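Chain residues, written in single-letter form:
Protein chains: 2
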Amino acid sequence: MSTAGLDGLAERLRVVAGAGNVITDPAELRTYECDGLTYHRATPGIVVLPDGAEQIAEIVKACTAEGVPYIARGSGTGLSGGALPRTDGVLIVTSRMRRILEIDIDDERAVVEPGVINLDVTKAVRSQGYYYAPDPSSQQICSIGGNVAENSGGAHCLKYGFTVNHVLACEVVTPDGEIVEISEAPGYDLLGAFVGSEGTLGITTKITVRLTRLPEKVETLLAAFDTIESAGEAVSAIISAGVVPAAIEMMDALSIEAAEAAVACDYPPGAGAVLVVELDGPAAEVDHQFAQVKELCDAAFEIRVAADDTERALIWRGRKSAFAAVGRISPDYIVQDGVIPRTALPEVLARIDELSGDSGVRVANVFHAGDGNLHPLVLFDDAVPGAAERAEMVSGQILDLCIEHGGSITGEHGVGVDKAKHMPRMFTEEDLDTMQMVRCAFDPAGLCNPGKVYPTPRLCGEVPGRRTGVHPLVESGKADLF
Amino acid sequence: MSTAGLDGLAERLRVVAGAGNVITDPAELRTYECDGLTYHRATPGIVVLPDGAEQIAEIVKACTAEGVPYIARGSGTGLSGGALPRTDGVLIVTSRMRRILEIDIDDERAVVEPGVINLDVTKAVRSQGYYYAPDPSSQQICSIGGNVAENSGGAHCLKYGFTVNHVLACEVVTPDGEIVEISEAPGYDLLGAFVGSEGTLGITTKITVRLTRLPEKVETLLAAFDTIESAGEAVSAIISAGVVPAAIEMMDALSIEAAEAAVACDYPPGAGAVLVVELDGPAAEVDHQFAQVKELCDAAFEIRVAADDTERALIWRGRKSAFAAVGRISPDYIVQDGVIPRTALPEVLARIDELSGDSGVRVANVFHAGDGNLHPLVLFDDAVPGAAERAEMVSGQILDLCIEHGGSITGEHGVGVDKAKHMPRMFTEEDLDTMQMVRCAFDPAGLCNPGKVYPTPRLCGEVPGRRTGVHPLVESGKADLF
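Chains as they are written, first to last, in full-length UniProt numbering: chain A, 1 to 482; chain B, 1 to 482.
Next comes chain A alone, as it looks inside the complex (with noise of 0.2 angstroms):
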């Protein structure tokens, strides 16, 4: 459809919606071209901003009478692409919905829109004792409903998981414009397959948040090691010694320099890697524990703990500026996200290393190493020709060292439009085709977020076509209302 063909849907959205809240201006749906994969661009044919559930279904069978995708977005923030708009189709977006619609202390949980901002519903609890633990770099400004969509992690993720082990049922616009509840719940567990399908299976709209309780203490070192390698056995080292700590973060030399420059992090200088390292829990528990680590990092050349908030902060700094701080000391760069088990740490960034050396590209190391989700920071200079390129190859040839060591291609940051085309790296096609059930089995008409996750859009009949024979409901004749 051209995107004069929307002008009739557009109509329809503004009676849905309210004349003031679906935007048409080619000016103003620019400003939506892009999420946090800012070099993938398109600008939406049309923009929404729903107010709710039930307006939500109507654009969605709007769209689907049409024949015209769709595609929800929250903040924005996404580093994957996946809420990357298509100038065919209609971005819904969903910031108008931001309430947080119920607080449940005593059973330990929030109801919210999926617009509210992650770090409101920790400032909405904190007083009474609770917070929401997923911790995306991002928390400040990312959506509930675009970390469901990517099951976002963070830096405490380690000890705390990811966005699905906080989230107890979502409410959700089918791409067939029902509003259906799912949940933890008897019969077949689909949260754990909506959560992190990338907004593929359907929109949230409605999302009951398991809320933490604040720990009884936090303490927080940085320990300086001279070389990667050492500060590496040190994460083995607390991990073996069964050790859980809320977050391990690890830096190298180059992003601690880009830090430097960017934030004065005033990290201990001539390090070859630094160790955040954060435990929290029962005070008594949190003093054996950090004794122990404090010993276990025994080869740091220095090692600072933070005596109050205010120098976690500061700590934390360094490492929160991290991805951004590179654009000082490099014009361009790729994030990239990949995911080995703990124990293939040292091989892979000494193999990175080499990657590195022979191909003269820059690789700055930010990584979770607990939980040994890696992120390598790609360097380049666009200005300079071919060395796009090049770092693209580095780029691949690391999620090659990932799998290769029985690891993944994306640890926390989905696959997007970014990696659809590395899922058959990972997958059989017989693995991805009964992934791809599923999609179709929820999105028939392929209308919903297509060409995210999975390769090839191919047309959902085409799917299982290691079937053969005659469809038993085409045989019975029902096969229309599949």
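No wet-lab data here; the hints were simulated from the structure.
Here the structure is a predicted model, which is why all the values come from computation and not from measurement.
Please note: incorrect hints may appear among the correct ones.
Below are the DSSO-like pairs computed for lysine-lysine, each with C-alpha atoms no more than 30 angstroms apart in a straight line [as the list claims (entries may be wrong)]: (1) A:Lys159 to B:Lys61; (2) B:Lys123 to B:Lys61; (3) B:Lys61 to A:Lys123; (4) A:Lys159 to B:Lys421; (5) B:Lys123 to B:Lys217; (6) B:Lys159 to A:Lys217.
Once you've looked at the hints, dock chain B against the given chain A.
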């Protein structure tokens, strides 16, 4: 298909699995006529004992070609009839698949076949300081494959979660006879939907489980209270204090009486209720919190602390024998399984008491108090006309109570054949249709454990009946592939 009509299929299965591993003798078949839900029985048409994924794939393909339903069975200890056979079907028993294929202590995981007994995983890794956390009461005999199908819990799932929290990947034979890997990986996380799908989405042939470190310290106490209310208040106080015990189990006077009669557990006489509270973890934490728990149980008229593992086993003995023990005080009983928000415990227990008083049907209460998972044992004497019906009525009313209080009709025993009829009391038609879409996607022919979990064994084609108009794939002529 008549039983006689299965002869050809039996012949084919003998070629696949070996003649000695296909049972068609009526007397032998009868051994498999039920699982732990003993009041539903059906002699299977054929029993086959395969020895690997490839054989299971061939069996599934053979059944599909003949249009014969098939049902997988582990040790047959399930309490909701999930492995109830069909006289016109094939029962696929995994008892020959009992190999532990791999133990990887460094990465804290093991790969096992589905027939492996739950406790055998722990036995295989205990000397290395690890165990497999999910501990259903039947853990000495139940299989990991069955645990996956039912998403089994246990006394310690308050702290450690259910089977789904300890399974990292499953190799699965899908209803179209493909062998696929389902894991926590990019793309849809189907693991959550597969674990607990009660054998309706395929048959697991290999399971990667998470191994958990043995805790540094364990403390267990038995607290005896005058009334169930004061025991309940102690539970609330413990949870509100932020303590997460490994287990908090409650038994009321009637179940204590039964356990006493069966295993002479020697609980304090005259108790209206007892709590078993267990803490585990780092010694410093356990010591600190155990002192807290003892204080919070100050309404108890007696507290016994286990001095060692023998005394711990003694405390657990009464609790673990409770279900079977009820047989000592009543010729027949229904084991009910429901969930309520923990905060609703006092009110629901009082209502159960009223229901029991009004109907004259005795109800013994044994439950995982920490997570609100009730196991009321509804007692009756089948020899008394109308007694079974009254017991079933009270049992159903208890489920209604659970639903009324925002709870669930099953906590850990599954839906199976037993509770399929109750599903519409929890879910809207749209919710059920959404779940059924997944079933139809996986099993369009409806041969994989049919009649379980969902109420009406409708033809898959009828499920999305709310959709109107012609399906786009029909229009495009591709519907025959779906």
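Original post:
Any of the earlier hints contradicted here, and which numbers?
Top reply: 1, 2, 3, 4
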